[in-house]
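Chemist: Keeping the supplied structure of chain A fixed, place chain B upon it in accordance with the hints.
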Amino acid sequence: MSEMREDELQRRLRAMAMADAHRVPSPEVRGRVMQAWDARQDPLRPRRVSFRVWLPVAASLTIVVGLMIGSIRQTPASGGRVTAGSAPVDRDNVADSMLTVPDASLLPRFDHGELIRVEIPSPAGVIQAEVLVGQDGLARAIRVIQ
Amino acid sequence: MRHIMLVGTVIAVASTAYAQSGLRGESPVGTRVAVESEVVKGAPYSAEVVNDTVQILLDGNRISRHTVARVYRDSEGRTRREVDRRDGTSEISIQDPVAQTYWTLDSGRHTARQLQGAGAANDAARVLELRRLAEQMTRSQQLTVLVNGQPQTVAIGSAGEARNPSTEERLAPRTIEGLRVDGVRRTQTIAAGSIGNDQPIVVTTEEWTSPDLKVLVLSEHNDPRSGTSTYKLVRVARTEPPASLFQVPADYTVVTSGRGGERGAAGPR
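If you're matching them up, the sequences are chains A and B in order.
So in numbering that gives the first Met the number 0 the end of the first sequence lands on 145, straight run, no missing numbers.
So in numbering that gives the first Met the number 0 the end of the second sequence lands on 268, straight run, no missing numbers.
For the record, the hints were derived by calculation from the structure and aren't laboratory data.
Since the structure is predicted, the reported quantities are computational estimates derived from the model, not experimental observations.
Among the hints, a few may not be true.
[To be verified] Under the rule of at most 25 Å between Cα atoms (straight-line distance), these lysine to any residue pairs were calculated in the SDA-like manner:
1. Lys231(B) <-> Val100(A)
2. Lys213(B) <-> Val38(B)
3. Lys213(B) <-> Val97(B)
4. Lys231(B) <-> Val39(B)
5. Lys40(B) <-> Val132(A)
6. Lys231(B) <-> Ile126(A)
7. Lys213(B) <-> Val67(B)
8. Lys213(B) <-> Ala103(A)
9. Lys231(B) <-> Ala138(A)
10. Lys231(B) <-> Val132(A)
11. Lys213(B) <-> Arg108(A)
12. Lys40(B) <-> Glu113(A)
13. Lys40(B) <-> Pro240(B)
14. Lys231(B) <-> Glu113(A)
15. Lys213(B) <-> Glu113(A)
16. Lys231(B) <-> Gly136(A)
17. Lys231(B) <-> Pro199(B)
18. Lys231(B) <-> Ile115(A)
19. Lys40(B) <-> Thr103(B)
20. Lys213(B) <-> Glu168(B)
21. Lys40(B) <-> Arg108(A)
22. Lys231(B) <-> Pro120(A)
23. Lys213(B) <-> Val132(A)
24. Lys40(B) <-> Arg69(B)
25. Lys231(B) <-> Asp102(A)
26. Lys213(B) <-> Gly136(A)
For reference, chain A alone in the conformation it holds in the complex (with noise of 0.2 Å):
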């Protein structure tokens, strides 16, 4: 692995875990974190690891923690039809997760960019979307509302 991928992963993990420092974790989200990361170990590894692995580790946590928090922040308080603005919105019917765009990998690493709310016409009614574009104006991920 380039020696310069692995700084610059680490260096943005860093960076995320440090925005996200402020942030403290539920015990609830805590456990779910913990217990994901312990399914996700390879039985078969030594259990020594270095300072070197655990510090993007521990940022990686705190990210994840931060995200959990987040996204449980920002779930409606009836947790079902949302109505405002041009059309209801049913959070139950938001796809799963973004799709990152065919070859996204090859276009240049995201500095800054938009998330636009867009419909797009179909022969089954007009779809609602999210689409992550980047500083240059190429997009990167999108995302299916309704």
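Modeler: For chain B alone, coordinates are given in the frame of chain A:
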């Protein structure tokens, strides 16, 4: 490999949370939320952002686009981005990670809108960027490593393992706009026949990043299928921007959207 597994695990778990992020459900169509890949403190700057895209069509026609925007970042990591519209007005986004507020200003209407889902959008972009890095790691068949301080290209995996092998090359540092920048060039070759192509298709991306400012200074992406896109920062000034740039002007009306559409709220902030 150990690190790839690590990243994979992080992304897999994070994606669970990410699935619920994004703009708030009540956001109307057309809503645009500025997204930053990370919060950078202690490295203020301002610059113009120039984007150029060129696409050559089969009939010889040529489509080219040129846009200019402005960016400001203060020592606390607040950012302001201004994009000019054709009518002479600007759309301005202000991200304040300290106050956890995200604004979109319309210089034409003198309105300000606070975005509720912007924090989640930033989280989403971070997860996606990690996913992209991980994908690059697993896709690359040749990597550049430093051996005794000198870049050396090494191959990983077995020959012919990848249908569309990619290479990555670290470029010698250079100076752009007074900034020392590190460069990397990635090349992927889509083999003949992979997608019905008679000849191999070569896609190249070159990135130049400032380690001091932690920003992308220049990138060039060339894909014969879609054309060439160039992104660059110009007129870079490494000074602290005025604090007023990161505040909603007093003469702007704060607009909120909810049932019944847009409505005004208290003015000055």
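Chemist: Now tell me if each hint is right for this structure.
Modeler: Against the structure, the hints:
1. Lys231(B) <-> Val100(A): Holds. Lysine 231(B) to valine 100(A) sits at ~23 Å (cutoff 25 Å).
2. Lys213(B) <-> Val38(B): holds (10 Å)
3. Lys213(B) <-> Val97(B): holds (19 Å)
4. Lys231(B) <-> Val39(B): OK: lysine 231(B) and valine 39(B) at ~19 Å, within 25 Å.
5. Lys40(B) <-> Val132(A): holds (24 Å)
6. Lys231(B) <-> Ile126(A): violated (34 Å)
7. Lys213(B) <-> Val67(B): holds (21 Å)
8. Lys213(B) <-> Ala103(A): holds (21 Å)
9. Lys231(B) <-> Ala138(A): Between lysine 231(B) and alanine 138(A) the Cα gap is close to 18 Å, so the pair holds against 25 Å.
10. Lys231(B) <-> Val132(A): holds (16 Å)
11. Lys213(B) <-> Arg108(A): holds (12 Å)
12. Lys40(B) <-> Glu113(A): holds (21 Å)
13. Lys40(B) <-> Pro240(B): holds (13 Å)
14. Lys231(B) <-> Glu113(A): Holds: lysine 231(B) and glutamate 113(A) sit about 17 Å apart, inside 25 Å.
15. Lys213(B) <-> Glu113(A): holds (19 Å)
16. Lys231(B) <-> Gly136(A): Cα-Cα ~13 Å, so holds.
17. Lys231(B) <-> Pro199(B): The hint is violated at about 29 Å.
18. Lys231(B) <-> Ile115(A): holds (22 Å)
19. Lys40(B) <-> Thr103(B): Satisfied, since the Cα-Cα distance of roughly 22 Å is no more than 25 Å.
20. Lys213(B) <-> Glu168(B): holds (20 Å)
21. Lys40(B) <-> Arg108(A): Answer holds: lysine 40(B) to arginine 108(A) is near 20 Å, not above 25 Å.
22. Lys231(B) <-> Pro120(A): Between lysine 231(B) and proline 120(A) the Cα gap is close to 34 Å, so the pair fails against 25 Å, i.e. violated.
23. Lys213(B) <-> Val132(A): holds (20 Å)
24. Lys40(B) <-> Arg69(B): Since the Cα atoms of lysine 40(B) and arginine 69(B) sit roughly 19 Å apart, the hinted pair holds (cutoff 25 Å).
25. Lys231(B) <-> Asp102(A): Satisfied, since the Cα-Cα distance of roughly 22 Å is no more than 25 Å.
26. Lys213(B) <-> Gly136(A): Distance ~20 Å between lysine 213(B) and glycine 136(A) Cα, so the pair holds.
Hint check: violations occur at hints 6, 17 and 22; the rest are consistent with the structure.
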